[in-house]
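Asks: Protein sequence lines, in the order shown, are assigned to chains A and B. Just so we're aligned, residue 399 is where the first sequence starts under this note's numbering, counting upward by one. Just so we're aligned, residue 831 is where the second sequence starts under this note's numbering, counting upward by one.
Please note that a few of the clues may not be correct.
[What the hints assert, rightly or not] Derived pair list, reagent style DSBU-like, types lysine-lysine, alpha-carbon separation capped at 35 Å:
| # | chain 1 | residue 1 | chain 2 | residue 2 |
| --- | --- | --- | --- | --- |
| 1 | A | 653 | B | 982 |
| 2 | A | 676 | B | 956 |
| 3 | A | 577 | B | 868 |
| 4 | A | 612 | A | 580 |
| 5 | A | 403 | A | 612 |
| 6 | A | 660 | B | 902 |
| 7 | B | 916 | A | 676 |
| 8 | A | 676 | B | 920 |
| 9 | B | 902 | A | 676 |
| 10 | B | 920 | A | 613 |
| 11 | A | 626 | B | 902 |
| 12 | B | 904 | A | 527 |
| 13 | B | 916 | A | 660 |
| 14 | A | 676 | B | 843 |
| 15 | A | 676 | B | 936 |
| 16 | A | 527 | A | 444 |
| 17 | A | 676 | B | 904 |
| 18 | A | 1018 | A | 612 |
| 19 | A | 403 | A | 591 |
| 20 | A | 444 | A | 548 |
| 21 | A | 866 | A | 613 |
| 22 | B | 904 | A | 653 |
| 23 | A | 591 | A | 580 |
| 24 | A | 612 | B | 868 |
| 25 | A | 626 | B | 868 |
| 26 | B | 868 | A | 676 |
| 27 | B | 868 | A | 660 |
| 28 | A | 440 | A | 1018 |
| 29 | B | 902 | A | 806 |
| 30 | B | 902 | A | 580 |
| 31 | A | 901 | A | 441 |
| 32 | B | 902 | A | 653 |
| 33 | A | 613 | B | 843 |
| 34 | B | 868 | A | 653 |
| 35 | B | 868 | A | 806 |
| 36 | B | 982 | A | 660 |
[Claimed, not checked] Facing chain B, a subset of chain A residues (Cβ under 10 Å, in silico):
| # | residue |
| --- | --- |
| 37 | 463 |
| 38 | 464 |
| 39 | 641 |
| 40 | 671 |
Derived by calculation from the structure, the hints in this document are not laboratory data. These numbers come from a predicted model, not from an experiment. For each residue, glycine too, the CB sits at the ideal point set by N, CA and C.
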Amino acid sequence: MMAKKIKIALIGNPNVGKTALFNALTGSHQYVANWPGVTVEKKTGKFSWKDYEVDVVDLPGIYTLRARSIDERVARDYLIQERPDVVLDVVDATNLSRNLYLTIQLSEMNLKTVLILNQMDQVENMNIKINTSELSKRLGIRVVETVATKGVDLNEIMEAALDTSLSVRYQIYPEPFEKLVKKIEEISKDELKNNDIPLRWLTLSFSEGDELAKKILEKGGLVKEIEKAAAASEYQNASLVIARSRYNFISSTLKQVEVRPKVSWTVTDALDHVFTHKILGIPIFVSILWMMFEFAFSSSSPLSDLIELGFNVLGGYAHAIPGWLGSLIGNGIISGVGSVLVFVPLIFFMFFAMGILEDTGYMSRAAFLIDRLMHRFKLSGKAFIPMILGFGCNASAIMTTRTIESEKERLISILINPFISCSARLVVYAVIAGAFFGKFAGLVIFSIYMISVVFALSMAVVFSFLLKSRESSPLTMELPRYQLPTGKGLWIYMWSRGKHFLKKAGGIILGATVLVWFLSNMPWGTNAQNSWAADIGKTLAPIFAPLHFGWHITLALLFGGVAKEVTVTTLGTFAGGNLSVFLKTVLDPINAYALMLFVLIYIPCVATQAVMHMETGSYKWPILSVVWSLSSAYVIAFLFETVGHLVVRI
Amino acid sequence: MIVTLRDCPENTKCVLVDSDIPDSLKNRLMGMGWLPGKLIEVVRRAPMGDPTIYLVDSTKIFLREDESQMIKVKPVYPMPLAVAEKGVYKIVSFLGGGPRFMERAKNNDLSIDNIVEVISNLLRGKIIVIVNGREYTIGRGFSERIFVEAVK
Ligand SMILES: Nc1nc2c(ncn2[C@@H]2O[C@H](COP(=O)(O)OP(=O)(O)OP(=O)(O)O)[C@@H](O)[C@H]2O)c(=O)[nH]1
Ligand SMILES: [Mg+2]
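Modelling step: build the complete structure from the supplied sequences, incorporating the hints.
Replies: Rendered as structure tokens:
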């Protein structure tokens, strides 16, 4: 028998658990975190149930169908253009009065809707009573209770999704206004009958002043006539009437189905009292960041040492293999790629710490604390979240700029993001600082991070001047409830992000390192000094002569443009097993710090450039970013060296 | 008195009055439950004075000064003296109240259940009041921590 196909979309307010539900339905591991605006593009998945083949689409969160930022438009446009067979309207059941607003809008779009009351565990915790069957009857749609993070009952959801016995027919607006709506529908009916646009949504949105609705009606040449009809009624600006009618309907419904205990001082309130405190707030924020690094470094170092030991032993065996194979494995793979793999635990622990930050709900508090400062740099608290995420990976952080409404502010956030030091660069610092600064390595690395933030913010000012961006967009950001991250959630978070790094190590990093090894052994049999690699390095080295970078470093920086870790692996292939000893022969501490600065600023990696291109829709910005960062890296490293060598004579 | 949300110090409760904010912001706020008539609680101002966390229904959101300034509200009792218009009030509570605060309160004849008359409150700078027949000038920061009720 042929499988029946059905298309289901997940929609709802931000941070209610849509992606958690998506993961539960499809068994995938999409990015879940406790702040609004995590999902910024549509994600598709599949599952089969009985003889149905179900396509599921996870969408960015929206408060209303009136989309402003890019992520919101993705969700809205999907509903209008793709017309899914069923929408699962996921709501935070502890906050129905706000969440049902969107539910009403969905019904006006004439979409078959199933209401998913998610976070039922929290409902229980908060002692809220919801009469689900009554709610279902009053709304005219099926209602299913879930706890998405603990898995779902597929049968229940699918039966509700396929149920056609109920239908929505509430008329919630004042009679005269309903008449106007009917009239507008009448006017537009003939003109628009060919495109599949829900008329009731169109007319209501137009009355609310929605730009998209206006555009559609303008295309049909209908605006004049409709405005005339509206002028004849008392509803020229109906947005307030519409919103009020919706909320009246919601509150009268909820009076019958929901009992909430008197609110008292909650855990979230208590925590907020401390975390957003006037005096303590910012010191706590800084210490949390510091603790994150400290935690990642100290808990990973025993593991790193162990791995390093392992590679040393392996290296010994490899060198025992005669001929080119021994050299490839010993110098290329183990000494090269191994020098990066040593830091796998560091990267994983770093992501673990970031997972805690993201899943507790602290993220939006941090945005709140720091917003004023960001404002001074012509950015908003929303632009702060991509910056923090940039510590993990710039490429994925740049995607989250989609929540920023102002186009220019978004562009600036994209352009400054590569200056935020990602985890790939952490590997480079760890190697260099470890070799040169001994027990001050941690402090040295932290200083680079500080410089990274300061530099990114200063560039924001420069770019906003160049782009004539006058102000940041209005900011309305929700503060979610705090929650204790679950072990499983953290594990999935850490693994799905850390996995990238492993993949990269096995792919692009390995490839580039083997290439470097090959170049450094050609023409066959020469020593590194006379190899092709040396030729390339030496040809370009004069450019870096003012920075006192020799040809090894030049070559490493060249290949590091592909992925920053390759800087380390390239040097590793020349090091013959002991990278820190080798580094000391080609750099002094001042050079070494300058090199760290250079690596921090120069060139976004290939993946980041690709995302920049995708998100800005033009090659102009990635190219600008490359040129800009290269030249600023050069200038800053040069200045640092000049001053450094003046002060400290080595 | 109708004031802007920006004028309301922490812990003020107020009712949203129809406002002339730009359409885009208004729509977004409405989607979050901010409708005329809704009760807003001013929860917390950020360390550098901006932005501010507000609570409506059970949702906390934060807004910046620029936006708060456009939103008109009417404080409800008990309200901080800082947003009380001309008139006669009874003091119902103090917020905080370390020894220095209580000392200052005493110097101004301010104590719980005392009657104060607000003579002038420009929502900026000092407030002039009459307590027990004597005139006092009260600083803004201080007035934000004195909560009053109307006297019938
Ligand atoms: N207690 C509880 N927490 C949940 C439940 N479902 C989701 N969460 C948590 O809620 C937070 C948000 O979940 P997401 O799935 O990322 O929410 P979303 O709706 O996809 O959010 P956006 O993509 O930002 O719109 C996460 O921290 C989840 O762990 C639930 O049923 N119960
Ligand atoms: Mg999501």
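Asks: If a hint holds in the structure, say so; if it doesn't, say that too.
Replies: Hints versus structure:
no.: 1; hint: A:653 / B:982; result: holds (33 Å)
no.: 2; hint: A:676 / B:956; result: holds (23 Å)
no.: 3; hint: A:577 / B:868; result: holds (28 Å)
no.: 4; hint: A:612 / A:580; result: holds (17 Å)
no.: 5; hint: A:403 / A:612; result: holds (34 Å)
no.: 6; hint: A:660 / B:902; result: holds (28 Å)
no.: 7; hint: B:916 / A:676; result: holds (31 Å)
no.: 8; hint: A:676 / B:920; result: holds (29 Å)
no.: 9; hint: B:902 / A:676; result: holds (25 Å)
no.: 10; hint: B:920 / A:613; result: violated (56 Å)
no.: 11; hint: A:626 / B:902; result: holds (32 Å)
no.: 12; hint: B:904 / A:527; result: holds (32 Å)
no.: 13; hint: B:916 / A:660; result: holds (34 Å)
no.: 14; hint: A:676 / B:843; result: holds (20 Å)
no.: 15; hint: A:676 / B:936; result: holds (26 Å)
no.: 16; hint: A:527 / A:444; result: holds (34 Å)
no.: 17; hint: A:676 / B:904; result: holds (26 Å)
no.: 18; hint: A:1018 / A:612; result: holds (32 Å)
no.: 19; hint: A:403 / A:591; result: holds (26 Å)
no.: 20; hint: A:444 / A:548; result: holds (19 Å)
no.: 21; hint: A:866 / A:613; result: holds (28 Å)
no.: 22; hint: B:904 / A:653; result: holds (26 Å)
no.: 23; hint: A:591 / A:580; result: holds (15 Å)
no.: 24; hint: A:612 / B:868; result: holds (30 Å)
no.: 25; hint: A:626 / B:868; result: holds (33 Å)
no.: 26; hint: B:868 / A:676; result: holds (27 Å)
no.: 27; hint: B:868 / A:660; result: holds (17 Å)
no.: 28; hint: A:440 / A:1018; result: holds (26 Å)
no.: 29; hint: B:902 / A:806; result: holds (29 Å)
no.: 30; hint: B:902 / A:580; result: holds (34 Å)
no.: 31; hint: A:901 / A:441; result: holds (21 Å)
no.: 32; hint: B:902 / A:653; result: holds (28 Å)
no.: 33; hint: A:613 / B:843; result: violated (40 Å)
no.: 34; hint: B:868 / A:653; result: holds (16 Å)
no.: 35; hint: B:868 / A:806; result: holds (34 Å)
no.: 36; hint: B:982 / A:660; result: holds (29 Å)
no.: 37; hint: 463; result: holds (9 Å)
no.: 38; hint: 464; result: holds (5 Å)
no.: 39; hint: 641; result: holds (4 Å)
no.: 40; hint: 671; result: holds (8 Å)
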